[in-house]
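> Protein chains in written order, with full-length UniProt numbering: chain A, 1 to 186; chain B, 1 to 422.
One or more of the hints may lead you astray.
Said to hold, decoys possible - Listed next, the in silico DSSO-like pairs over lysine-lysine satisfying Cα-Cα at most 27 Å (straight line):
#	chain 1	residue 1	chain 2	residue 2
1	A	K151	A	K44
2	A	K124	B	K57
3	A	K124	B	K14
4	A	K124	B	K391
5	B	K109	A	K124
6	B	K123	A	K124
7	B	K57	B	K123
8	A	K151	A	K43
9	A	K25	A	K44
Simulated from the structure, these hints should not be mistaken for laboratory data.
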Amino acid sequence: MMDLVESGVPLDSDAFMELAIQEAKGALDRLEVPVGCVIVENKKVIASGSNRTNETRNATRHAEMEAIDGLLQQWQRDGLSESEVAKRISECVLYVTCEPCIMCASALSYLGLKEVYYGCRNEKFGGCGSVLSLHATSCTPSNNAGIAGFKCFGGLRASEAVSLFQIFYERGNPNAPRPHRAVVHP
Amino acid sequence: MVNNSWEIIHIPGKPPFSPTQQPTVDVFASIVDPKHANTLIRKLNKIAPFENLRHVKRVRKSCSNGKAELSMILCLTGEDGTELGSMPMDLLELTNCYQLSPFVTQVCKYAATTKEEWEEQCKLWPTSFHPPTYNIEGITGFSEENSTRIFNYMNFALKLAKSAGDQFVNAAVIVDPSLNKIITSACDEISSWNMHLDGHESHSLDVVEATTSHDDANGCALLKSNLNGSFNVPKSSSSRISCLNPWQWSHQHLSSSSSCFWHPLRHAAMVAIEYAAARDRRLFPTMEESDEKYVPLDPNVTSASAVGLPAKRQKTKLANVKNGDDISADGFLSKSERPYLCTGCDIYLAWEPCAMCAMALVHQRIKRIFYAFPNPHTGALGTVYRLQGEKSLNHHYAVFQVILHNEALASVEESITVEKGE
Chain A
1 MMDLVESGVP LDSDAFMELA IQEAKGALDR LEVPVGCVIV ENKKVIASGS NRTNETRNAT
61 RHAEMEAIDG LLQQWQRDGL SESEVAKRIS ECVLYVTCEP CIMCASALSY LGLKEVYYGC
121 RNEKFGGCGS VLSLHATSCT PSNNAGIAGF KCFGGLRASE AVSLFQIFYE RGNPNAPRPH
181 RAVVHP
Chain B
1 MVNNSWEIIH IPGKPPFSPT QQPTVDVFAS IVDPKHANTL IRKLNKIAPF ENLRHVKRVR
61 KSCSNGKAEL SMILCLTGED GTELGSMPMD LLELTNCYQL SPFVTQVCKY AATTKEEWEE
121 QCKLWPTSFH PPTYNIEGIT GFSEENSTRI FNYMNFALKL AKSAGDQFVN AAVIVDPSLN
181 KIITSACDEI SSWNMHLDGH ESHSLDVVEA TTSHDDANGC ALLKSNLNGS FNVPKSSSSR
241 ISCLNPWQWS HQHLSSSSSC FWHPLRHAAM VAIEYAAARD RRLFPTMEES DEKYVPLDPN
301 VTSASAVGLP AKRQKTKLAN VKNGDDISAD GFLSKSERPY LCTGCDIYLA WEPCAMCAMA
361 LVHQRIKRIF YAFPNPHTGA LGTVYRLQGE KSLNHHYAVF QVILHNEALA SVEESITVEK
421 GE
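Could you put the whole structure together from the sequences, leaning on the hints where they help?
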């Protein structure tokens, strides 16, 4: 993961999604739900993350949250102020293998990321159009007028993201409660 | 539940409507020849399935001039309007083929939750009605004892919300109702995060009750209730309630000292979930965590052994452990024996959570949410969004608002003042 962050080579969006998929594969190897992401600033990867919900027993530890936490800590160690962080994050682009859920989409909106590229849709939990549309400006309340949502593009290497889910669910989620319903994924 | 000083109100998964004013949607329907009915139903289910209208019956039988008549819903009208031409091509073909004459009618948008609603719905177009098959405790009302417990836990959450000096923050208290025990509690931590992990836990209800005073409260300026049963919070002291102002962080000076991290997403509910997860890891360590050299489990073996344990046994074991009996001699519980996230737990929040926190509580499998004050701008449990009614989610909690009347709010104020004076 650190290699990926430190290399910082400018790449195009397909290549960034490839890095997100690599992150997701790492999660799969750790018996986690395989979702991965990278955060890109000026065409350089500055943070990455993958799902850690089973390991932490904290179901909010999605890939996006992992990457954001790493980035915020790094920037504060570098001495950035609140307004400096806000400014830099507004130039950042997220590449994530699956549409952000309602929680993560809200978080990305609060932070003010510029754009999000995702792989497959998240029909059951998606917060960028599937269930709610938290990325859309029209959904931000009137008293927060002027707060832009983020641009969202789906379908980038979606089939690869889906095939990782298939591998995961064929194995069975070792941490799901038993007995549980068959898991249907997008 | 009505009490002199507080009420607990269930916030259902769909907006409350009077039975006669339920929202409707427009559909194309047509009278059909009974001998074509089966064929048409089969074709229609294929080309125009009722995705979000499963409660609506496809066919209506009615009587016209003493003759039985069958009408059938073809599809929803499009966004483009109710022109016939806006029907999809394959439906137009079907219409021509069977010589249908489509008309526009209305059906109820949401499934009925009561018999009264259902009876009204059927006047428009027949629907099916399935009374709720499961009942999360409380939806149909609380006993006096449970109501008092809920009030006391809420009281505890409100005191936490006021514990940060002059500034209000949101507060979260996670409770295991089967043990009547606080699992953990947390406040908003967007401005100072000390990286401590375990939070505050193990308050017994006695502590909570001891601090609840019913004495008359005089002169507590900050917490006077208004008619909506809300804290009368001056704007200047509410700006740090993270769920109310989740976009505001960039305009604030959050870091109080250089040793603390700040984090715009550390809303009270998110922090409480983190503490509960840390507690879970500590109380129920896995083999892998206790032995660094442990080889990762073969996933096939894990799932096979886990499947063998029925869910009921899991619950019994869990209760024993949490009651204070220590973990079994070898110190480990298998994955199937330890609690799954916050299954069965309640959370008390001073303010209705935003969409991020409300979804986090879905993920963590919280059973019931109690909040005191609505969140007018970003509330996701009935005010702006209503996550408890989003059918596609894989978990659904029950949501309640604890409305505090003057006397109850005054008692909260009183206990806060007393503690601060000490």
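> What are the numbers of the hints that this structure violates, sorted from low to high?
6
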